[in-house]
Amino acid sequence: MKKKLDAWGPAPTNNYTVVKGDCLWKISGKSNIYNNPKLWPALWEANKSGVVSAPPRIPKTIPNPNLIYPGQVLKVPTLTDAQKKDYLKKRVYWRNTKTKNRIKKTTKTESTEKKESTEKKSN
Numbered sequence: 000m001k002k003k004l005d006a007w008g009p010a011p012t013n014n015y016t017v018v019k020g021d022c023l024w025k026i027s028g029k030s031n032i033y034n035n036p037k038l039w040p041a042l043w044e045a046n047k048s049g050v051v052s053a054p055p056r057i058p059k060t061i062p063n064p065n066l067i068y069p070g071q072v073l074k075v076p077t078l079t080d081a082q083k084k085d086y087l088k089k090r091v092y093w094r095n096t097k098t099k100n101r102i103k104k105t106t107k108t109e110s111t112e113k114k115e116s117t118e119k120k121s122n
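In numbering that gives the first Met the number 0, the protein residues as written are 0 to 122.
Calculated directly from the structure, the hints in this document are not laboratory data.
Check before you lean on any hint, since a few could be wrong.
[To be verified] Taking lysine-lysine pairs in the DSS-like style, the calculated list, with each CA pair at most 25 Å apart, reads:
#1 89 / 74
#2 47 / 29
#3 88 / 19
[Stated by the list, open to error] Derived Cβ-Cβ restraints for the label pairs, each shown as a range:
#4 16 / 36: 13 to 21 Å
#5 31 / 81: 20 to 28 Å
#6 74 / 19: 17 to 25 Å
#7 69 / 34: 18 to 26 Å
#8 79 / 29: 15 to 23 Å
#9 31 / 69: 13 to 21 Å
#10 28 / 68: 17 to 25 Å
#11 56 / 81: 37 to 45 Å
#12 80 / 54: 34 to 42 Å
#13 81 / 54: 16 to 24 Å
#14 88 / 55: 34 to 42 Å
#15 24 / 77: 15 to 23 Å
#16 16 / 48: 16 to 24 Å
These numbers were taken from a predicted model, which means no experiment stands behind them.
Positions of the beta carbon are idealized from the N, C-alpha and C atoms, including for glycine.
Let the hints inform the model, and build the full structure from the sequences given.
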């Protein structure tokens, strides 16, 4: 049992201060946070309604995951394996729904039909 306890390693920190060049993807990929950048939605959900602290004139919430600012102190929730799987599923769902909304069906136009027919004739 002692071997199993020693193998666990340190628990993730509770807070993280954003530095210039950081993004949620990069932060969640750090070894002392989650060591998996795909878990960035966990950081976003924990800080959507408010960060631990922020300098003057810096937003105290993160409504957009692409906009975080140096000096913001983020809450870093400790995740169980089940929670990690849930966040990874949410990420895939979010990604797929966004992609489906951007894809538009198109029909062939006369010019593309002409090009295809000339290509067939030349072959």
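Given pair status - residue 74, residue 89, alpha carbons within 25 Å: holds, 20 Å
Consistency of beta-carbon spacing, residue 29 to residue 79, with hint 15 to 23 Å: holds, 19 Å
Range hint compliance [Cβ, residue 69 to residue 34, 18 to 26 Å]: holds, 23 Å
Residue 16 paired with residue 48, Cβ distance criterion 16 to 24 Å: Given a distance of about 19 Å, which is inside 16 to 24 Å, the answer is holds.
Residue 55 and residue 88 - C-beta distance against the hinted 34 to 42 Å: The hint (34 to 42 Å, Cβ to Cβ) holds, given that residue 88 and residue 55 are roughly 38 Å apart.
Distance restraint evaluation - residue 31, residue 81, Cβ atoms, bounds 20 to 28 Å: holds, 22 Å
Outcome for the supplied range 34 to 42 Å, where the beta carbon pair is residue 80 and residue 54: Because 35 Å falls inside the window, the suggested range holds.
C-beta pair residue 74, residue 19: status relative to the range 17 to 25 Å that was hinted: Holds, since residue 74 and residue 19 (Cβ atoms, about 20 Å apart) stay within the stated range.
Pair hint outcome, residue 88 versus residue 19 [Cα-Cα no greater than 25 Å]: violated, 29 Å
Outcome of range test on Cβ distance (residue 16, residue 36; 13 to 21 Å): holds, 18 Å
Outcome for the supplied range 16 to 24 Å, where the beta carbon pair is residue 81 and residue 54: violated, 36 Å
13 to 21 Å as the expected CB spacing between residue 69 and residue 31, which holds or is violated: Holds, since residue 31 and residue 69 (Cβ atoms, about 18 Å apart) stay within the stated range.
Hints 3, 13, counting from the list given before, are not met by this structure.
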